[in-house]
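Novice: The primary structure of each chain is shown beneath.
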Amino acid sequence: MIAQVLPLTRLEWYKLRHRRMPWILLGFAVLLVQIAFWASYALFRSGEVAVGEGGASSTTTISTTDQFLEMFAFPTSLTNGLIVAHGFGGILLMILAASLIGTEYGWGTLRTALTKGTGRWPLLAAKLLMLAGLSVAVLIVATASVAVSSAIDLATLDADWISSSADWSDLGIGFGKAVFGMLPYIALAVFAAVLTSSSGAAIGISLGYYFVESILVNVLAGFDWFQRVAGFILGRAVSGWVQTETGVSFQSSGTTAGLPDASQSFLVLLAYVVVLSGAAFWVFQRREVAGARGE
Amino acid sequence: MTDTVIETKALTKRYGRVLAVDQLSLQVPRGHVFGLLGPNGAGKTTVMGMLLGLVRPTSGSFSLLGTNGGGRDALRRIGAIVETPAFYPYLSGRRNLAYFQGVMGRNDSRELDRLLELVGLAGRANDAFKTYSLGMKQRLGLAYALLGDPELLLLDEPTNGMDPSGMAEVRDLIRDLGSEGRTILLSSHLLNEVEQVCDSVAIIAKGRLVVQGDVADLLRPQEQVRLRTTDDAKALEILTASDEVESASAEDDALVVTIAHERSSELTALLSKSEVYVTEIAPLQVSLEQYFLDITGENGERSE
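If you read the sequences in order, they're chains A and B. Residues in the first sequence are numbered consecutively from 1, following the working numbering. Residues in the second sequence are numbered consecutively from 296, following the working numbering.
This is chain A alone, in the form it adopts within the complex:
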C-alpha cells in the first residue's frame, strides 16, 4: 500500500506546484512572519518591546538591550519565528487542505482519477501525506526567512550571533511540536472537505471552528465546569502541546492558565488526528462520486 501512496504523493505535488494558490499562501506565511519580526525590531528601536511571555494576555516588557539582542540571536530568533509561523501556518494549511480536496469534487477530477483504477484509500492518504510534508516545508521556509532577517539585524546591530543561553535542541523539539500541532487542523479541513464535497464550505467550517473556538474558550474560561473539559478542546490541546518550558506558548489565542500538560495534549491531539482522518477516510471510501459542479 505504501508503495502506491508514495508515487501518488509525488503526483499530488506535481499538480500542486503548478497551482498559484500554495505559492501565494506560502508567500503570505513568510510575509506575516516578517511583519512580526520587523515589528519587534521597530519596537526595540523605539526603546520598548513586548513579547508573549505567558501568553498574549500577560505581556512582559523587556527593557534591556541585552535581553532584546538575545531575542534576535540564533537560535532564539528561529524559535520565535517558529512560534509565529506555526500560528499563521496552521490557518493557511487549513485553507490549502480544504481547497485541495474540495476542488477535486468541484472540478470533477476525483471521478477522472478514480476511473483510472486509483484506489480511494491511497488517493486520500497521498493527499494527507503531502499536506503533512507541506506543513514541514512552510515551517522551514518561514523559519529560514527569519534566519535571513535575523542575520541582517545582527549585522547592523553588531551583536553576538549566538545566544548565550542557546539550546539548539529546543529548536529541533519546537519544530517537531509545531509540525504535529498543525496536523489536527489539516485533518479537520480534510474531513470538512470530504464531508461537504466543497472547498468553500470546508474553508468556512475549518476557519469558523478555529475562530469560534478561540472566542468560546475566552468567554467560558471563568466557569468551573469548563476547566474540567478545556484540556480536550483542540485549540487548548495544541497550546498545551506546543508551549515551551519557559511558558511561552506557540498559540497566541486564549489564556495559557490551566493548559493541559504536554503528555495529555499529545494524546488529545493524536485522538483528533485519528478520529478526523478516520472519519474522512470512511466518508471518502463510501460516498458516491458525482461529476463536476463547476466550483
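In case anyone wonders, no lab produced these hints; they're calculated from the structure. Computed from a prediction, not measured in an experiment: that's the story for all the values here. Glycine included, each C-beta is placed from N, C-alpha and C at the ideal position. It is possible that some hints are incorrect.
As the list claims (entries may be wrong) - The following label-pair restraints were derived from C-beta to C-beta distances: (1) B:Asp512 - A:Gly133: 50 to 60 Å; (2) B:Asp538 - A:Ala290: 49 to 59 Å; (3) A:Trp121 - B:Thr426: 32 to 42 Å; (4) B:Thr362 - A:Ala144: 47 to 57 Å; (5) B:Arg372 - A:Leu270: 38 to 48 Å.
As the list claims (entries may be wrong) - Partner residues aside, some chain A positions facing chain B, computed with beta carbon under 8 Å: (6) Pro7; (7) Gly117; (8) Val289.
Keeping the supplied structure of chain A fixed, place chain B upon it in accordance with the hints.
Specialist: Chain B alone, transformed into the frame defined by chain A:
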C-alpha cells in the same frame, strides 16, 4: 478468456424514490462496439458510474473483464470518460495526461505525443485546459481514456458539444478503435450515432432494458424516406408490392417508405420503370422518442 466483457445481472440503482436503473441485465461481447442508447435521463450515465465503481448499486451484480464487481485491477484495463471530461483547469492538456498516466504508474512521453496527435490536440497540448472549447475537452477526454492502451473503453456521450466535423472525426476514431479488436461501450442519445458506430445496441428507457441486439436488426429497419411523386397512388401500389421495400404508406400529402437510406436511390429506378417519377425525396428523421414509441408498448415492453 471470457467472450463477455461486461455482464450485468438485474443491476438496480435507486435514489430515494427515483428508480434510476431497474433490473438491468446486459451482455457486452468481446470485440464489439456496443451502444447503450436511450434518451436523456434513461440511466445510461448511472450504469457507467456503477461499472466504474463511482456509484454503488442498490442491488444486482456485474462483472467487468471477468472480475466480479469490477475493482481496481479491472479498472486499470479500462479507459473511460463519463459525462463531460473533467481535468485540472490550470494544467495544460499534456500535463493533465501526464498526471493521469502517472496515476497508472506509467511515464511515457511518446504515448502522450501519439495520443495528442491522434485526437487532434497536438497544437494546443501546452495550453491550459480551462482555455479549451467543449469539443477540445471531449478530445482530451478521449486521449485520457486511451492512456495505457485499454482493452475496454466506456465512452459516455463522447461527441457531446462537438461541431459536426468534430463528431464525424470522433465517430471515425471510435470505429477505428473498434476495428482493432477493442471492446467499446458507447452511451448515446443519438440514434444515428449508434447506428453509424456500433455493432450491437441495448436500448434503455427509464432505467429499464427495452431491447438488446445487433444494430442491423434493431435500428436499420427503422430507416425511412419521405417522397413525393407524379402519381402517389400508383407509386404506393408499386412500392407496397415490391420485395425491396419493407413498408410503404401514405401520410399527409406524401409517401413514407421504410428502406435503408443508402438504397433509397433504388426507389426512383423502381418507380420510373412504371413511369412514375419522384419529384421529391428526403430521409425521414425519426426521433429517438418516436422510435421508442414504435418499439415499446405502454408497459415498456417491445411490441412485436
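Novice: Is it true that threonine 362 (chain B) and alanine 144 (chain A) lie within 47 to 57 Å of each other by Cβ?
Specialist: holds, 50 Å
Novice: So, proline 7 (chain A) near chain B? Judge it on the closest CB pair being under 8 Å.
Specialist: holds, 7 Å
Novice: 50 to 60 Å was suggested as the range; check whether the CB atoms of aspartate 512 (chain B) and glycine 133 (chain A) agree with it.
Specialist: holds, 59 Å
Novice: Tell me if valine 289 (chain A) is really an interface residue toward chain B, meaning its C-beta lies closer than 8 Å to one of theirs.
Specialist: Check passed: Cβ of valine 289 (chain A) comes within 5 Å of chain B, closer than 8 Å.
Novice: How does the Cβ-Cβ distance of tryptophan 121 (chain A) and threonine 426 (chain B) compare with 32 to 42 Å: does it lie in that range?
Specialist: holds, 34 Å
Novice: That 49 to 59 Å hint for aspartate 538 (chain B) and alanine 290 (chain A) (C-beta), does it hold up?
Specialist: holds, 53 Å
Novice: Does glycine 117 (chain A) pass the interface check with chain B, least Cβ-Cβ distance below 8 Å?
Specialist: holds, 4 Å
Novice: Take the C-beta atom of arginine 372 (chain B) and the C-beta atom of leucine 270 (chain A), compute their distance, and say whether it sits inside 38 to 48 Å.
Specialist: holds, 41 Å
Figure legend: structure checked against the earlier numbered hints; every hint is met.
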